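*Asks:* Work out the full structure: start from the sequences and follow the hints.
Chains as they are written, first to last, in the working numbering: chain A, 10 to 441; chain B, 907 to 1338.
Hint data in this document are derived by calculation from the structure and do not stem from the laboratory.
It should be emphasised that the depicted structure is a prediction, and the values quoted were computed from it without experimental measurement.
Be aware that one or more of the hints could be misleading.
As the list claims (entries may be wrong) - With a Cα cut of at most 30 Å, we get these calculated DSSO-like pairs of lysine-lysine:
#, chain 1, residue 1, chain 2, residue 2
1, B, K1019, A, K135
2, A, K140, B, K1276
3, A, K156, B, K1046
4, B, K1119, A, K135
5, B, K1099, A, K70
6, B, K1075, A, K70
7, A, K126, B, K1046
8, A, K126, B, K1283
9, A, K409, B, K1276
10, A, K135, B, K953
11, B, K1283, A, K135
12, A, K140, B, K1101
13, A, K140, B, K1303
14, B, K1316, A, K135
15, A, K140, B, K1019
16, A, K70, B, K1276
Stated by the list, open to error - Which residues of chain A face chain B? A partial, calculated answer using Cβ under 7 Å:
#, residue
17, L91
18, W150
19, Y152
20, I418
Note that CB positions come from ideal geometry on N, CA and C, so glycine has one too.
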Amino acid sequence: MKKKATFLLLAGIVIVLLRFLLIKADNYTSTNEYCNSCHVHDHAHTSWVESVHYNTPPHLKKARCVDCHLPPKGHGYYKEKLKAGWRDFYAFHFKDSTEYNWSEKTQIEQARHHTYKQSCLLCHPKLFPVKLSENGEMAHWHYTQHKNEMHCIQCHINIGHGNKTKTHNLSILRNRTQVDTTFTEAATIDTFETYTETIPGSDVSFKMMAVEGGVLRTQQKDTLIKSFFIGEIEVSWDEYLLFLSETEGEGRNENQELDGISGATPPWGNPDQGWGFGKRPAITMTHHAALAYCRWLSFKTGKTYRLPSALEWEFASTKAIKNTGIHHKIANTNNTQTIEPTSIQADLLGVKHLFGNVKEFCSDAANANEYIIKGGSFKTDIKELSPQWSETTQHKQWLKTDPQIPKSIWWYSDCNDVGFRVILSYQPEQIN
Amino acid sequence: MSYSRRDFINKSLLAGSLTLATGTLSCRQNKKTSNTLTKAPDGKTLKAGLIGCGSRGTGAALNFLDAGPSLEIVALGDAFNDKLNNCRANLKAERNIEVDSEKCFVGFDAFEKVIDAGIDIVILATPPVFRPKHFEAAVKARKHVFMEKPVAVDPVGVRSILINGIRAKEMGLSVVTGTIKRHQEDYLATYNKIKQGAIGAITSGNCYYNQGKLWHVNPNAEWSEMEAMVRNWVNWTWLSGDHIVEQHIHNLDLMNWFIGSHPIKAIGFGSRQRRTTGDQYDNFSVDFIYPNNVHVHSMCRQINGCSTNVSDYLRGTHGYTNCENTIFNPQGQVRWKYPLNEEQQNDRWHFFWRAFIQEHVDLITAIRTKQPINEAKQIAESSLTAIMGRISAYTGKEVSWDEMLNSEIKLGPKHFVMGDVTINKAIPVPGK
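*Replies:* Pasting the structure below:
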């Protein structure tokens, strides 16, 4: 009897001690210092210090690593902590941290796996604070209707690290690179040679490279492709912003008509993803918007610019890499964002970024709602790419977080690696 | 007395609907069957402001004063001086209350001034088109709200109510609305029986608001078009939502409440046969389809000289109910009837009149016991249910809940000023 009591007493003491130690250990391993002791990427710490989650008002605590990167207690906290601890332990001792693509881990697709919605909501339970803007109201209303599919960071991606917060920027037009020259007329084509198109009344110009026609051999059949000109670069923000500034509707419902071209509405969010405008490819516009751009450009220049067909695209890209293959000097792939054309070599046609950078719209419809896209993007693995590579647009998927009603027909909210380039048929009979 | 007209109509209507109840009044019981308070508890004086001083507004103000101790009406607002003065005179005559002339405001912006007049509670009783703006302003100013049904005339207004309803909840405010049946003792008792399975699973329903013509106000040479419209508001869709929204909402709200869901689609007919002013229809017949393919047939009519009927039925696998006070077995024999005490038996209107006050008792009790209630979502959904029926009848098309929830339809002029009203006044023609 006495033995049993002693045993129980001892067991009790051990349990209390263990519990005490466990709490201690949990607290110790939850400090920022502990996280930093093996999270060798300093930038995570420095960018956190720049963020609003560090620079909190005096009456609020700073958010610690574990406040966002682990779920709250009661929502799988210990399970995730063990998992993360084990993963980090393994990585610290057996992997080379310099080989990690850290910036890739900051993109939504990856960030959502190590940032927890429940943790956001624990500190931010109110979706509609009194001072919330009208756009914010619309966005949070959209969230209430799609709670299960959405994560806070889909819109608030930069809120925890860095000082960029995603804003609903309703006028991006001021971001256009300004040059002094103003072109008075469009280019005239005298011969079948590369030329520079100049958009009248603007300082915007771009090169069109001549591609001589021929036979495209595919497994199914041989197709005769007529000669055409193809844009040296993917349509840039400079070109696209000019289109917007001349056609953009005032509000969502205004349909300004510019000789049959109805104006795009202002974008929701930051269409450049914060990467910059200028000669980088314009991205996130819908296929519908790309077609409107072609109509506008044709109207401005008196030519018939259009999207390439998938076969034309394939024909040009086959020529562009003949005997060289696709390599990193001509393709921006396995990356986290678009780059400028000056950062890359031209291919055999003198064209840049046919492969990688952004997926490019073709004129061919894949089905009732979707279109063919070619060339892969900065996200694609270079080993997968070829002239035959093709995907289709994913209209619904790419508009998931757009809270507007109805959703925009001009901008994709959730696809940051699609753009387009223009081509022009060579019509010798029209050349003097 | 400006409010007598509406009261008379209400009485004569209910005379029809309550004849059922007179048939089998055999139970003589004095015991109280529910534990809802009939008077709100005392507490710190609560001051209310009334926005919309017509007959219902005046009635609501009196109901508020009757709900418990230490309650005051201290501010009034209306678009028209004569309406405000009538209300003021009635409050004086009925309850010997003098509302300070400095806290009486006239004009379309009166609501802002009432909300700012040092009050705790706002009573919103204007025509429903104004409700979303007023509700938003009240919630943002941290006021508790009593608002009359319906709460919007279009989907855009409904969304605003839903958003500000969530906001009110986040702020701990109480919101009660004028769908009285939800505060009426016999309906509540019947509801509990149905929830406990008294008629099994609900399979279908019918609801009716078939009555004679409601009132109208002819234009006066001294009035602007806006003034003439607002004074004649129950005949204009942009102001009232049409009678399916303005009046039949009582029945549709009851269906949503008992079934436990809003419908997922509607297909309806309607037309305008005898109405002399405005642009509304005067009859609707709508098939509402709820989850599990439960159909509710709804009818409403405002034409003199036709059969009248204001009632509701829900059928289940084990019987049916009038939702108000009686449960029948499948063969039509009474299985249960709400037990009445002597006072209740001698006054057929007992529950009906009681409910108008009970709404305010429930509101004040929630505020004083710090247990907020919030009816914004349910009334927004009931309003949208009725709007869905109206739009289906106007267009001749089947309309889904999702379409409605995401619709951009917004009625009425952009700005409210006394003058000409530039809106489409054509009477809707289905199929066009």
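*Asks:* Against each hint, give a clear statement of whether it holds in the structure.
*Replies:* Cross-check of the supplied hints:
1. For a cut-off of 30 Å, the pair hint linking K1019(B) to K135(A) stands: about 27 Å separates their Cα positions.
2. A hinted pair counts as satisfied when its Cα atoms are at most 30 Å apart, and K140(A) with K1276(B) qualifies at roughly 24 Å.
3. A C-alpha spacing of about 24 Å is found between K156(A) and K1046(B), which places the hinted pair at or below 30 Å, so the restraint holds.
4. Pair hint K1119(B) plus K135(A) does not hold up; C-alpha atoms about 46 Å apart against a cutoff of 30 Å.
5. Note on K1099(B) and K70(A): the hinted pairing is violated, with a Cα-Cα distance of about 50 Å set against a maximum of 30 Å.
6. Pair hint K1075(B) plus K70(A) holds up; C-alpha atoms about 25 Å apart against a cutoff of 30 Å.
7. The suggested pairing of K126(A) with K1046(B) holds, with an alpha-carbon distance near 27 Å, which does not exceed 30 Å.
8. A C-alpha spacing of about 24 Å is found between K126(A) and K1283(B), which places the hinted pair at or below 30 Å, so the restraint holds.
9. The hinted pair formed by K409(A) and K1276(B) fails the criterion: a straight-line CA distance of about 39 Å is larger than 30 Å.
10. Taking the CA atoms of K135(A) and K953(B), the gap is about 27 Å. The hint holds against a cut of 30 Å.
11. Using a Cα cut-off of 30 Å, the hinted pair K1283(B) and K135(A) holds, with the two alpha carbons roughly 17 Å apart.
12. As the CA atoms of K140(A) and K1101(B) are separated by approximately 40 Å, the hinted pair breaks the 30 Å bound.
13. For the hint pairing K140(A) with K1303(B), the CA-to-CA distance comes to about 39 Å; that exceeds 30 Å, so the pair is violated.
14. With a C-alpha separation of about 27 Å, the suggested pairing of K1316(B) with K135(A) holds against the 30 Å cut-off.
15. For the hint linking K140(A) to K1019(B), the alpha-carbon distance of about 20 Å falls within 30 Å, and the restraint holds.
16. The straight-line distance between the Cα atoms of K70(A) and K1276(B) is roughly 29 Å, inside the 30 Å bound, and the hint therefore holds.
17. A hinted interface residue such as L91(A) counts as satisfied when its beta carbon comes closer than 7 Å to some beta carbon of chain B; here the least separation is about 34 Å, so the hint is violated.
18. For W150(A), the shortest C-beta to C-beta distance to chain B is roughly 5 Å, which falls under 7 Å, so the interface hint holds.
19. For Y152(A), the interface hint is violated, the least distance from its beta-carbon to any beta-carbon of chain B being 11 Å, above 7 Å.
20. This hint is violated: I418(A) has a C-beta 13 Å from the nearest C-beta of chain B, more than the 7 Å allowed.
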